[in-house]
Amino acid sequence: MKHRSTMAIFGEWQRLALGRDGFYRAPPRGAIQPRKLGRHLSDLFLAQTDAAGQIVFRLGGTRICTLFGRELKGQRLLSLWAERDRPALDEMARSVCALAVPALSRHDGISLSGRSLRFEMLLAPLQAGDGGIGLMGSIAVLDEAAWVGADPLVFGHMGEIEPVAPDLAVMTEMPCAAVSGSAAQTRPGQQATFRQRHKRPALTVIDGGKI
Numbered sequence: 075m076k077h078r079s080t081m082a083i084f085g086e087w088q089r090l091a092l093g094r095d096g097f098y099r100a101p102p103r104g105a106i107q108p109r110k111l112g113r114h115l116s117d118l119f120l121a122q123t124d125a126a127g128q129i130v131f132r133l134g135g136t137r138i139c140t141l142f143g144r145e146l147k148g149q150r151l152l153s154l155w156a157e158r159d160r161p162a163l164d165e166m167a168r169s170v171c172a173l174a175v176p177a178l179s180r181h182d183g184i185s186l187s188g189r190s191l192r193f194e195m196l197l198a199p200l201q202a203g204d205g206g207i208g209l210m211g212s213i214a215v216l217d218e219a220a221w222v223g224a225d226p227l228v229f230g231h232m233g234e235i236e237p238v239a240p241d242l243a244v245m246t247e248m249p250c251a252a253v254s255g256s257a258a259q260t261r262p263g264q265q266a267t268f269r270q271r272h273k274r275p276a277l278t279v280i281d282g283g284k285i
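Positions 75 to 285 (this note's numbering) are the ones given, in order, by the sequence shown.
Please keep in mind that the hints were generated in silico from the structure rather than gathered at the bench. There could be a bad hint or two in this list.
EDC-like cross-link-like pairs, simulated, lysine to aspartate or glutamate; straight-line CA separation at most 16 angstroms [unchecked claim]:
#, residue 1, residue 2
1, Lys76, Glu194
2, Lys76, Asp182
3, Lys76, Glu234
4, Lys76, Asp164
5, Lys76, Glu236
6, Lys76, Asp217
7, Lys147, Asp182
Distance windows between CB atoms, simulated [said to hold, decoys possible]:
#, residue 1, residue 2, range
8, Asp225, Lys76, 18 to 26 angstroms
9, Glu157, Thr136, 25 to 33 angstroms
10, Ala125, Asp95, 16 to 24 angstroms
11, Arg94, Ala156, 39 to 47 angstroms
12, Pro102, Gly188, 40 to 48 angstroms
Cβ coordinates follow ideal geometry from the N, Cα and C atoms, glycine included.
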């Protein structure tokens with residue numbers, strides 16, 4: 075994670091996901107308190123499956139909508155990416171929910187005039203009462219580009235994908251749950267839970283593998 079908003083939104087998900095028993099579980103969407111995110115709220119999005127099983131934006135932060143030059147509420151998440159990248163993105167989103175393990179991905183965005191910039195996306199699971207997919211995520215630009223907002227991105231190209239341990243320690247601008255480096259094994263189709271074992275320093279760098 076390189077962007078402060080990504081760290082802050084992940085930290086808020088950790089706070090909501092950590093139970094009193096020390097396990098991490100996908101929190102309900104209703105537990106999200108936007109005011110706790112402050113200025114990072116503009117980089118937040120919420121998504122869920124619609125009646126057709128498509129993953130659509132339920133909410134899109136103002137910076138994300140500005141980046142792509144349109145209101146994203148009700149739009150398909152996959153529509154922001156090139157056709158060739160959509161199967162991998164769909165698999166990533168569904169795996170996040172099936173395993174209840176967040177994932178981080180890095181992308182190159184291409185603008186209407188052909189310019190490019192890098193951005194990262196976080197996907198974290200939320201409870202979905204209807205058995206569908208619920209996601210809390212962020213999209214944050216990693217490059218300084220004065221043209222953002224004037225030259226909207228027309229699609230993104232997917233790069234690296236990394237699973238993110240729910241108890242990964244990150245440096246944020248707001249308090250979040252104490253975390254550790256425990257590991258857990260899961261079976262496909264089961265929700266994973268993770269228990270804290272011991273405290274670590276406030277900042278831990280962990281190399282993630284690719285999916």
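Tested hints:
Annotation: proposed proximity of Lys76 to Glu194 holds, straight-line Cα distance about 8 angstroms (limit 16 angstroms). For the hint linking Lys76 to Asp182, the alpha-carbon distance of about 15 angstroms falls within 16 angstroms, and the restraint holds. Only pairs whose Cα atoms come within 16 angstroms are accepted, and Lys76 paired with Glu234 is accepted, the gap being roughly 14 angstroms. For the hint pairing Lys76 with Asp164, the CA-to-CA distance comes to about 23 angstroms; that exceeds 16 angstroms, so the pair is violated.
Proposed proximity of Lys76 and Glu236 is supported: the alpha carbons are some 13 angstroms apart, at most 16 angstroms. A threshold of 16 angstroms between alpha carbons decides the hint, and for Lys76 with Asp217 the separation of about 11 angstroms falls inside it, so the pair holds. Among the hinted pairs, Lys147 with Asp182 is inconsistent with the structure: their alpha-carbon atoms are about 22 angstroms apart, more than 16 angstroms. Remark: the range hint 18 to 26 angstroms for Asp225 to Lys76 is upheld by a beta-carbon distance near 23 angstroms.
Distance hint check: the CB atoms of Glu157 and Thr136 are about 27 angstroms apart, consistent with the given range 25 to 33 angstroms. Separated by about 35 angstroms at the C-beta atoms, Ala125 and Asp95 break the suggested range of 16 to 24 angstroms. At roughly 43 angstroms, the beta carbons of Arg94 and Ala156 sit within the given window of 39 to 47 angstroms. Look at Pro102 against Gly188: about 42 angstroms separates their beta carbons, and that is inside 40 to 48 angstroms.
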